[in-house]
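J.: Given chain Z, work out where chain B should sit, using these hints.
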Amino acid sequence: MNESVHRSLGLTDDEFQKIIEILGREPNHLELAMYSVMWSEHCSYKSSRIHLKRLPTEGKHVLVGPGENAGVIDVGDDIAIAIRIESHNHPSYIEPYQGAATGVGGIIRDIFTMGARPIAIMDPLRFGPIDDARSRWVAEGVVSGISGYGNSVGVPNIGGETVFDETYIGNPLVNVLCLGILPKDRLVLGQASGVGNLAVLLGATTGRDGIGGVSVLASAGFGDDEEDAEKRPSVQVGDPFEEKRLIECCLELLDAGLVVGIQDLGGAGLSCAASETASRGGVGMDFDATAVPQRETGMEPFEIMTSESQERMLAIVNPENLENVLLISEKWEIRSSVVGKVTEGGQLRIMDGLDGPVLGEVPAISLHEDAPLYNRPMEPPEDLSARKEDTPEGNLLESNDVTEDLLSLMQSQEWITSQYDSQLFLNTVAGPGSNAAVLRLKHPITGNDTGRGLAVTTDGNHRWCAVDPKIGTAMTIAESMLNLACVGAEPRALVNCLNFGNPENPNVMWQLSEAVDGMAEACSQFNIPVVGGNVSLYNESQGNNIDPTPIVGLIGVIDNLDTPPPGVSWNKGDRLMVIGPPAKGLSGSAWAFARSKRNGQLEQIDYELHARLCQTVRMLVNQGLVTAIHDISSGGLAVAVAEMAVQSGVGCSLARVPDIEAMFSESPSRVVIAVDPEQMQSVEEVIQNQGIPSARIGLAHGDTFTIKGLIDIGLSKILEQWEDSLPQVFESGTTQG
Amino acid sequence: MNPTIGVIVFPGSNCEQDALEAVTSLGANSRLLWHDSSDLGDVDGVIIPGGFAHGDYLRPGAIARFSPAMESVITFAQSGRPVLGICNGFQILTEAGLLPGALQKNRGLKFLCKPVKLNVRTTNSVLTSQTTKDDSLTIPINHFEGNYTCSDETLKELHDEDRILLTYENNPNGSIGDIAGICNDQRNVVGLMPHPERACHPLLGSIDGQPLLHSFIESSSS
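Respectively, the protein sequence lines represent chains Z and B.
Count the first sequence with my numbering and you get residues 1 to 737, in order.
Count the second sequence with my numbering and you get residues 1 to 222, in order.
These are calculated hints, taken from the structure and not from any lab test.
As the structure is a prediction and not an experimental result, all values here were calculated from the model.
For every residue, glycine included, the Cβ atom is placed at its ideal position computed from N, Cα and C.
Be careful, since some hints might not be right.
Said to hold, decoys possible - Think about it this way: if two alpha-carbon atoms lie no more than 30 Å apart in a straight line, the pair counts; the simulated BS3-like pairs of lysine-lysine are: (1) Lys105(B) <-> Lys133(B); (2) Lys470(Z) <-> Lys572(Z); (3) Lys184(Z) <-> Lys331(Z); (4) Lys572(Z) <-> Lys708(Z); (5) Lys584(Z) <-> Lys717(Z); (6) Lys184(Z) <-> Lys60(Z); (7) Lys584(Z) <-> Lys388(Z); (8) Lys117(B) <-> Lys156(B); (9) Lys717(Z) <-> Lys117(B); (10) Lys53(Z) <-> Lys184(Z); (11) Lys717(Z) <-> Lys110(B); (12) Lys717(Z) <-> Lys114(B); (13) Lys572(Z) <-> Lys117(B); (14) Lys114(B) <-> Lys572(Z); (15) Lys388(Z) <-> Lys470(Z).
Unchecked claim - Listed next, the stretches of chain Z that the computed footprint assigns to chain B, with coverage defined by at least 3 CB atoms under 8 Å from CB atoms of chain B: (16) 143-152; (17) 423-434.
Chain Z with its partners taken away, still in its complex shape:
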């Protein structure tokens, strides 16, 4: 075989040699194609696996940890929740609408594969600067894709957050988190068992779309525009109506107990689904490539086996149940075909007819477990210590116009979130724009309201992680915890999506390793298990790597959801307080980055204090003692309070916020509360009993926003900026070129 073939498929010479060792011969083209997709960075995590092992994954509520299609946790009342986060970064840059749409479709399949009904989506998004027309084209396409697919498939989108920043100009991030709900005893795993059982392919036909999506596209950076445009056929095309019927069909099959195992077809298509179900079940599979319904004529077996055509599932069915499986498929107008048979031994054989010639044969397990594992070189940046010295506060504590500084950080995301159905299923108590999303917890079969709630948040901060990937990641998790506390929830489990640059760059690998260390430290300290994750590497363009962007999704439980948790809106006359230590430092803050001050040093988190703060906040919230609450994170105290003011429609006067550091510092473990004067004594008692520092900072009243000695501005001015900034800039147009 021509040696350059494996390279064009993204395999190295060493990897090619390893395949020869496994097979004891040279692979044919079909086999090589299967190894190339399964051993891609995207599928095999070959650069990151060695680091991910450091994350704590166990906890008393964990039913399924990392490695399956989704993590699953016990939330009580015989209910389990499946949760997963994924990235669809590269396809979304090439083809924003379809890239984002199929990202939604893919993660929903991961969830119902576990036997869970998908009940919510959240989308953390990162785009290039908003004044760049090409970045707006990407953003508009991505949001339309999420909206078009997610609304139609019928899964509400309850939150997430969008950031526009220079670092993502050639490489946006489109992450998506999905939650599903299932009766605890219905958990299904993606495995085959029972020699003689049949593999039934459900759903859409297989076409030439998405071939090499995981290798050519997801596991390489971006170069020049022309080359990038040629990657467009590697982006899949989604059909939400097909997916909606596929969800209902599969859940009905699972309810009726008609399938032994089920697996979605995502990255690496049939190669992945066939080999994963077989190797997880410790069996082999004969797979008839010609029995796969094809969208176009003349498809080669390697195309059939690596196509990433969407809306397909592979079910393992006892032959006795086949007839009933076909009947239910027919009801939902879902195409179903027997494409394989479970066999003894561990070989995956691709055949031309189940009695016909063998087109390719590999040990099923070798596509996963023999995938290469790299401990790539890591190196901190050479100028790290100099960077740490170069703090923003060291040389710049002045501003020409504090009011303008504040306004530039005010941006409502309603233009984006109002394009998503956030309310379907009648669960959404707090939706987009809340401290954390809150859902009613109803039993998935009986529909009975448990009186309890789920809370979910996604967070990520590339600025903190650019300054210090380890502390920055830990701070991100601390922020998520505080977000959950603000709605009265206890954290149960975390999922992460690690978005980084090119792993062959030692500085990038150092960032990844540091971020994993920060996550491991914070999760251990806070006793939060990591139940799943995704790693997206090669987020680079023209040789520029993105700032490290670990995104976390944190899920928690609210024990009593009789009344909605307080939002961010206060009442006239409320007293305003900050709970937590005083603000310290501006490194990594949005304010500093807006001045190109990207260096400095982050404050170490006091884990014990932070846990106690979260406990205190939960007590205040659950006892109904606060009118409004908002954590202090991106933009600092000033932005937190201004966001509360504009959403309340009531202004405020603040004192004891002496300077820019106090206004814009993003140092951790701080929260703003608004308290009715009659509750003030009870609130201060709780805070004092818990030994948490706090400060009264002002009063909610009037129609101006004032910080003594620094700002005095009409609330309407802030509101205008808040509401109009996003819609106005999108009205100014977009361009693909």
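T.: Then chain B, alone, in the frame of chain Z:
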């Protein structure tokens, strides 16, 4: 005796369980009816729920109107019994010719999901009998094609015959005459774009959907 409300399910419908949950919480019996069967059973009222029947392919409601269940819904409606179309259901009712006019893409060409304020314009319908004229109700919308349009002649008819049930306080989608919901000339077939079932539980921010669904249930029992 409490009436039984049937909720039609097409492939691609997605608000059927929500409609069921809401009417059940208000005391009605309810059941789902699969689109492929023309047998509506013994139901006293029919809801066509929101969602994307048949993926909204071709045009919202354009394919759904041909389902066997819709023939029965037409007969059911002609017998004077109550039929309610919510969102996609409203679109299907216009495609099926049970309500006049059509729903086109929103002004601004964006999907919109948010609470809006509605004004009750008449209490003379199966959807508004338990409300008070000029009541202001806060109910969410959730649609891309919610921009109601009709001929001048139809608009005049709707006005003259007092068949505009609900209007938007701040028109979110460009609907002609700020129209959010209408009824047929018999006043037993109603369609609206907002989702009353999403505003029936105190934890969901508004319970203003209750009087509308109460009206519908009450009309179904008589």
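J.: Hint check: Lys388(Z) vs Lys470(Z), CA-CA at most 30 Å. Holds or violated?
T.: It holds: about 14 Å lies between the C-alpha atoms, which stays within 30 Å.
J.: Would you check the hint for Lys584(Z) and Lys388(Z), treating anything up to 30 Å between C-alpha atoms as holding?
T.: Holds. Lys584(Z) to Lys388(Z) sits at ~15 Å (cutoff 30 Å).
J.: Are the Cα atoms of Lys717(Z) and Lys114(B) separated by 30 Å or less?
T.: Distance ~24 Å between Lys717(Z) and Lys114(B) Cα, so the pair holds.
J.: Straight-line Cα separation of Lys117(B) and Lys156(B) no greater than 30 Å?
T.: 24 Å, holds
J.: Taking a Cβ-to-Cβ distance below 8 Å as contact, does the region 423-434 of chain Z have at least three residues touching chain B?
T.: Satisfied; 6 residues make the cut.
J.: Assess, step by step, whether the Cα of Lys53(Z) is no farther than 30 Å from the Cα of Lys184(Z), and give holds or violated.
T.: 27 Å, holds
J.: If you draw a straight line from the CA of Lys114(B) to the CA of Lys572(Z), is it 30 Å or shorter?
T.: 25 Å, holds
J.: Between Lys184(Z) and Lys60(Z), does the CA-CA distance stay at or below 30 Å?
T.: 14 Å, holds
J.: Is the straight-line distance between the alpha-carbon of Lys717(Z) and that of Lys117(B) 30 Å or less?
T.: 25 Å, holds
J.: Are the Cα atoms of Lys717(Z) and Lys110(B) separated by 30 Å or less?
T.: Holds, because 26 Å separates the two Cα atoms, which is no more than 30 Å.
J.: Within a Cα-Cα threshold of 30 Å, do Lys105(B) and Lys133(B) meet the stated pairing?
T.: Since the Cα atoms of Lys105(B) and Lys133(B) sit roughly 29 Å apart, the hinted pair holds (cutoff 30 Å).
J.: Do at least three Cβ atoms from the region 143-152 of chain Z come closer than 8 Å to Cβ atoms of chain B?
T.: holds (count 4)
Checked against the numbered hints above, the structure breaks only hint 2 and satisfies the rest.
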